[in-house]
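Engineer: Starting from the given sequences, assemble the full structure and let the hints guide the process.
What follows is the residue order along each chain.
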Amino acid sequence: MKMSALVAMGLLMAAATAAAQSAPATTSGGQITVRTLGTGTVGSSKFTEYREVPTGVSIPFVNLFSKGKDVDFNLYGYNVQQTDQRYLGSLKALGLGITFDYNQIPHDMGNGGRSIFAETSPGVWTLPSTLRQSLQTAVASQASAGRTYNFYSTLLAPTFASTNNVDVSGVRKTSNVALNLGTHLPFDVTLSYRNDFKEGYRGLGGGNVRGAVNPSYEVAVPLDEMTHDIGLRTARSFKSGNVYATFNRNLYVNQAGPLMIDNPFQAFDAAVVSGLGGPAADRFSNAPDNEASTGTAGFLLKFKRQTRVSGSLALSSRTQDAQFYPYTANSAVLTTAGVPAFSLAALPQQSYGGKVNTTMYNLSFSSRPIEGLDIRAQYRVYDLTDKSDKWVITGDMSVPHRNWNTVTPTADSPFGRATANVYDTKSSRFTASATYDIRALTLEGQVRSGTLERTSREATTGKESGMALTALFKASTWLGVRGTYDLGKRTAEGHTVYGFQADEAAFENTRTGIDIELTPASGLELSLAYFRRDVQYVDRPDRVQTSGGVPVAGAAPIPNTPSGLLEAKYDSYTGEVSYSPTARIALGAYYTYEKDATDNRWSTTSGANLNNRLQYAASNETGTFGANGVFQLVPDKHTFTVNAVRQKVDGLLDITAREAGSFYTPGRTGLIPAGQGGAADITDWDDTEMTTVSARLDVAMMKGWTLSTGYQFEKYDFKDAMNSSSLLMPAHVYIFLKPNDGAYENAVAFAQLSFKF
Amino acid sequence: MTFPLVRGSGVLPVRPMSWLVGGMLVAAVAFAPAVASGQVAKSQTSAWSAADCQDCHDKAVSPAYAKSAHAKTDQSCASCHKNVAEHLKAQQDGKEGPVPTLKNMKANDLSQTCLSCHEKANQATFVGSKHARRNVSCTSCHSIHSPKSLTGQLKTKTDAETCFSCHKAERAKSLRTSHHPVREGKMGCVSCHNPHEGTRPKMIKAESVSELCYQCHTEKRGPFLFEHAPVREDCVACHDVHGSNHPRMVTQKQPTLCWSCHLSGSGHFGSGDNYSTEKGVPAAPAGAPKGYPTVNSRFIGRACTKCHLNIHGSNSPSGAFFVR
Numbered sequence: 001m002k003m004s005a006l007v008a009m010g011l012l013m014a015a016a017t018a019a020a021q022s023a024p025a026t027t028s029g030g031q032i033t034v035r036t037l038g039t040g041t042v043g044s045s046k047f048t049e050y051r052e053v054p055t056g057v058s059i060p061f062v063n064l065f066s067k068g069k070d071v072d073f074n075l076y077g078y079n080v081q082q083t084d085q086r087y088l089g090s091l092k093a094l095g096l097g098i099t100f101d102y103n104q105i106p107h108d109m110g111n112g113g114r115s116i117f118a119e120t121s122p123g124v125w126t127l128p129s130t131l132r133q134s135l136q137t138a139v140a141s142q143a144s145a146g147r148t149y150n151f152y153s154t155l156l157a158p159t160f161a162s163t164n165n166v167d168v169s170g171v172r173k174t175s176n177v178a179l180n181l182g183t184h185l186p187f188d189v190t191l192s193y194r195n196d197f198k199e200g201y202r203g204l205g206g207g208n209v210r211g212a213v214n215p216s217y218e219v220a221v222p223l224d225e226m227t228h229d230i231g232l233r234t235a236r237s238f239k240s241g242n243v244y245a246t247f248n249r250n251l252y253v254n255q256a257g258p259l260m261i262d263n264p265f266q267a268f269d270a271a272v273v274s275g276l277g278g279p280a281a282d283r284f285s286n287a288p289d290n291e292a293s294t295g296t297a298g299f300l301l302k303f304k305r306q307t308r309v310s311g312s313l314a315l316s317s318r319t320q321d322a323q324f325y326p327y328t329a330n331s332a333v334l335t336t337a338g339v340p341a342f343s344l345a346a347l348p349q350q351s352y353g354g355k356v357n358t359t360m361y362n363l364s365f366s367s368r369p370i371e372g373l374d375i376r377a378q379y380r381v382y383d384l385t386d387k388s389d390k391w392v393i394t395g396d397m398s399v400p401h402r403n404w405n406t407v408t409p410t411a412d413s414p415f416g417r418a419t420a421n422v423y424d425t426k427s428s429r430f431t432a433s434a435t436y437d438i439r440a441l442t443l444e445g446q447v448r449s450g451t452l453e454r455t456s457r458e459a460t461t462g463k464e465s466g467m468a469l470t471a472l473f474k475a476s477t478w479l480g481v482r483g484t485y486d487l488g489k490r491t492a493e494g495h496t497v498y499g500f501q502a503d504e505a506a507f508e509n510t511r512t513g514i515d516i517e518l519t520p521a522s523g524l525e526l527s528l529a530y531f532r533r534d535v536q537y538v539d540r541p542d543r544v545q546t547s548g549g550v551p552v553a554g555a556a557p558i559p560n561t562p563s564g565l566l567e568a569k570y571d572s573y574t575g576e577v578s579y580s581p582t583a584r585i586a587l588g589a590y591y592t593y594e595k596d597a598t599d600n601r602w603s604t605t606s607g608a609n610l611n612n613r614l615q616y617a618a619s620n621e622t623g624t625f626g627a628n629g630v631f632q633l634v635p636d637k638h639t640f641t642v643n644a645v646r647q648k649v650d651g652l653l654d655i656t657a658r659e660a661g662s663f664y665t666p667g668r669t670g671l672i673p674a675g676q677g678g679a680a681d682i683t684d685w686d687d688t689e690m691t692t693v694s695a696r697l698d699v700a701m702m703k704g705w706t707l708s709t710g711y712q713f714e715k716y717d718f719k720d721a722m723n724s725s726s727l728l729m730p731a732h733v734y735i736f737l738k739p740n741d742g743a744y745e746n747a748v749a750f751a752q753l754s755f756k757f
Numbered sequence: 001m002t003f004p005l006v007r008g009s010g011v012l013p014v015r016p017m018s019w020l021v022g023g024m025l026v027a028a029v030a031f032a033p034a035v036a037s038g039q040v041a042k043s044q045t046s047a048w049s050a051a052d053c054q055d056c057h058d059k060a061v062s063p064a065y066a067k068s069a070h071a072k073t074d075q076s077c078a079s080c081h082k083n084v085a086e087h088l089k090a091q092q093d094g095k096e097g098p099v100p101t102l103k104n105m106k107a108n109d110l111s112q113t114c115l116s117c118h119e120k121a122n123q124a125t126f127v128g129s130k131h132a133r134r135n136v137s138c139t140s141c142h143s144i145h146s147p148k149s150l151t152g153q154l155k156t157k158t159d160a161e162t163c164f165s166c167h168k169a170e171r172a173k174s175l176r177t178s179h180h181p182v183r184e185g186k187m188g189c190v191s192c193h194n195p196h197e198g199t200r201p202k203m204i205k206a207e208s209v210s211e212l213c214y215q216c217h218t219e220k221r222g223p224f225l226f227e228h229a230p231v232r233e234d235c236v237a238c239h240d241v242h243g244s245n246h247p248r249m250v251t252q253k254q255p256t257l258c259w260s261c262h263l264s265g266s267g268h269f270g271s272g273d274n275y276s277t278e279k280g281v282p283a284a285p286a287g288a289p290k291g292y293p294t295v296n297s298r299f300i301g302r303a304c305t306k307c308h309l310n311i312h313g314s315n316s317p318s319g320a321f322f323v324r
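Residue numbers (the numbering used here), protein chains in the order written: chain Z, 1 to 757; chain G, 1 to 324.
Hints listed in this document are in silico derivations from the structure and should not be mistaken for laboratory results.
Please note that a few of the clues may not be correct.
Reference excerpt, derived from the structure (chain G facing chain Z, CB under 10 angstroms, subset only) [stated by the list, open to error]: (1) 133; (2) 187; (3) 218.
C-beta atoms are modelled at their ideal positions from N, C-alpha and C, and glycine is treated no differently.
Structural biologist: Structure below.
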């Protein structure tokens with residue numbers, strides 16, 4: 001017998017002994033599962049995106065419990081000592097109750113990335129200064145017209161040949177503890193604490209470190225952050241209802257420094273002169289520390305005829321006052337006042353003083369005044385107010401971010417930059433519904449009405465209204481039908497030239513659904529489901545001639561030139577069957593077809609005339625198939641399970657352009673010649689295919705002992721025309737990591753032994 | 001009849017707000033036997049116990065039920081099943097009598113049975129909720145006698161399996177390549193939703209979608225010096241939280257996602273620089289070397305966020321356009 005088995009047996013024997021030593025009035029026991037697993041080597045991080053697949057011996061599950069008069073505990077452990085381990089349970093002793101949950105979530109986002117930079121400290125990506133000097137000299141010596149892709153590709157070839165490996169992954173470790181103090185009190189009191197620690201890499205990031213070259217550099221963004229959440233909940237229940245109050249204090253601490261990326265084409269800080277110059281390295285800010293306090297209170301009153309009145313109030317305050325980073329890392333840039341822009345002294349204030357308050361209040365009423373009739377009404381308000389300490393920005397290095405920019409406030413941007421505006425939002429909604437039962441049929445009608453208010457956005461006000469009809473029919477145990485039709489509308493009022501942005505624009509939103517469930521025979525169930533959501537963005541303005549972003553006086557709208565998102569649709573169809581021919585066999589299968597589609601339009605003008613009219617119609621068609629079978633070879637003892645899932649997503653970007661537009665002007669390279677019609681579609685548009693097939697046999701060998709063996713096959717494929725190249729620099733000058741999170745094919749086999757005691 | 005202060009069953013959430021509630025509830029489920037046993041000791045009488053029913057209904061008094069708080073209630077089976085004494089007598093006399101099953105009850109009546117104890121905390125607003133109005137009763141999801149889940153006494157091992165039995169579109173979306181770790185068992189539907197919720201939109205466990213997301217993605221909370229307004233209002237303006245085939249669970253692949261709003265104005269949207277992308281994959285010129293770029297920079301890599309990396313908001317004094 002191998003050592004690992006002996007150890008496992010030893011563990012199991014120890015547990016059995018512990019059980020035998022428990023007090024007579026106590027029930028205790030548990031379970032432990034030991035597994036041995038074999039699998040192939042997979043290069044893609046997709047295989048282990050949110051899990052660990054350990055080869056060799058592991059403990060996928062352990063449980064220990066004891067229920068006695070004075071002490072009561074229950075502990076569950078999953079994937080013990082693995083990166084995806086989890087432990088949860090409860091303990092009651094001394095009149096107190098504790099529940100806890102420790103959950104570790106790995107996130108593998110790409111293996112084997114190739115970086116031209118070296119990460120000399122977390123988030124600091126560097127290149128040797130000698131290399132940067134030689135690249136800078138080479139670029140400065142080349143005329144602008146000669147700085148082609150071929151030029152950069154040749155220049156950087158040695159650098160691309162000696163890259164550093166980067167595995168982009170992170171892990172999240174969350175601990176939750178709740179202490180119930182009210183076990184023997186006439187009211188509930190619970191204290192809770194949550195700690196959330198994330199480390200590793202957040203994912204791919206990076207940006208533009210500009211000098212003579214206008215590039216984008218991709219690196220892995222550092223992740224080192226901690227969140228503390230402390231909460232208190234108290235509630236009291238009485239015969240005719242209950243009341244509650246909660247308070248949470250949440251603190252977010254970002255322990256990672258900013259992202260710093262060396263400029264490969266600039267060895268030293270320099271001001272920009274004649275197109276040359278820039279920072280030797282630049283800084284990208286990360287998330288600042290922030291805090292939030294939230295308090296809620298609510299009540300529920302119960303009356304006769306299932307009448308309920310409930311209300312709640314929630315107040316929260318989010319603050320952020322972290323020290324700013326300087327405007328730039330470039331020591332050669334001066335502000336208008338002659339102060340070095342890389343110095344903190346150049347800042348008009350050292351921190352933001354950010355503060356956002358939210359208020360929510362809600363009142364609900366429901367009743368069943370007569371048998372079969374339900375009525376309900378609700379009024380809800382959500383108000384977000386920006387109380388931050390704003391100041392007027394008169395200069396920065398926002399764009400282009402290698403020079404000092406003078407900023408002039410305008411009526412639309414009173415603080416200098418539009419994104420620095422005060423963004424308040426308030427929404428209110430009233431909903432009323434009535435439901436009536438007519439024997440096996442239930443009918444519901446609902447109406448709703450609401451308002452939207454915003455500051456500093458194009459759509460400053462809006463109204464929402466809607467109605468819904470639902471019918472439910474249940475004929476005994478063999479037929480159930482559910483149908484829903486919902487029509488919602490939103491208006492938008494404000495100021496816009498090209499049309500309100502999609503999230504604030506007027507729309508009509510139709511949702512339709514039908515579900516049919518049939519049980520034609522004992523053990524046979526069929527279901528069919530259809531759902532559609534269709535959002536039409538109405539009232540999109542036609543294009544007009546503009547000058548400097550302002551409509552030219554007297555310019556007439558150009559017909560049939562709406563702009564922006566015009567429609568977003570989603571359809572899903574599902575057929576499902578489950579069949580149990582005997583008590584020992586359960587079979588099931590389903591197929592779901594989905595299609596989501598969006599329609600974006602844009603038109604350009606040449607003077608007062610239409611030039612290009614473009615349509616970007618993106619869609620994804622998805623087919624998902626699932627099947628499973630459970631076979632009780634010997635009831636409650638030996639079970640064979642098979643499972644299969646396959647999902648295929650076909651993405652498409654259907655692009656259409658006006659043939660008479662400027663893109664068809666002869667002489668421009670890469671254009672579709674006049675007469676060929678339309679622009680080229682992109683058919684590989686995040687296409688994915690995932691297949692999983694598994695089989696498992698569980699054999700109960702003797703009392704408490706179960707031997708299991710299983711096999712799982714997985715195949716994943718991904719295609720995207722825009723990112724199919726393995727070149728680190730598929731266009732100039734955009735340098736990527738190209739980590740592997742793509743296609744893989746792999747199989748896993750395991751055997752495990754469980755002992756329940 | 002005296003009912004103990006059973007605080008109901010609940011799942012084991014990870015979010016702080018619901019953790020407070022859920023933790024209390026889970027604690028009650030785990031600890032109720034001690035509470036109940038204390039009360040039984042107080043009353044010294046128990047008019048009904050599971051043993052009275054077990055002789056005929058042994059499967060209903062399963063090990064899982066016996067360990068649960070329901071088995072320890074003062075009146076045991078009679079707490080929920082009415083007329084059990086009359087049913088027993090009729091059976092013993094060989095006569096036809098009342099059948100105390102809950103299976104034939106209307107959804108609302110069945111739920112009222114459970115709510116007589118559990119109408120508080122997570123379940124406080126179930127009456128009038130969308131699930132209740134759709135005739136989804138407590139036993140549509142929960143099993144009192146044969147639960148399969150670790151917490152919450154669900155009919156399935158995980159909450160997602162229960163929810164997917166009706167929410168089939170979300171089942172398909174959860175299988176997308178870019179997804180929350182639900183199918184890996186690291187999260188569940190109840191990490192974000194309270195299926196009993198009757199007042200909050202979409203039954204989420206926060207007062208707004210953004211506040212819900214901030215519970216895990218706290219780095220996005222800000223407030224930031226420079227705000228991306230749609231982000232502040234609603235995360236689902238850009239993200240499909242149930243799953244997407246596009247990276248970072250966005251609803252549309254970039255740059256078309258950004259073009260939903262940003263197809264006008266200055267900068268590289270108005271200069272014509274952006275428009276060349278409509279050509280898709282243009283052909284390389286004759287004689288071009290292998291690897292000649294045939295993809296436009298606006299599409300490749302992370303598209304717009306190649307440069308506008310702090311798209312959720314920037315606290316850099318030079319971050320007005322989210323490039324810093």
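Engineer: Going through the earlier hints one by one, which of them does the structure break, listed in rising order?
Structural biologist: none
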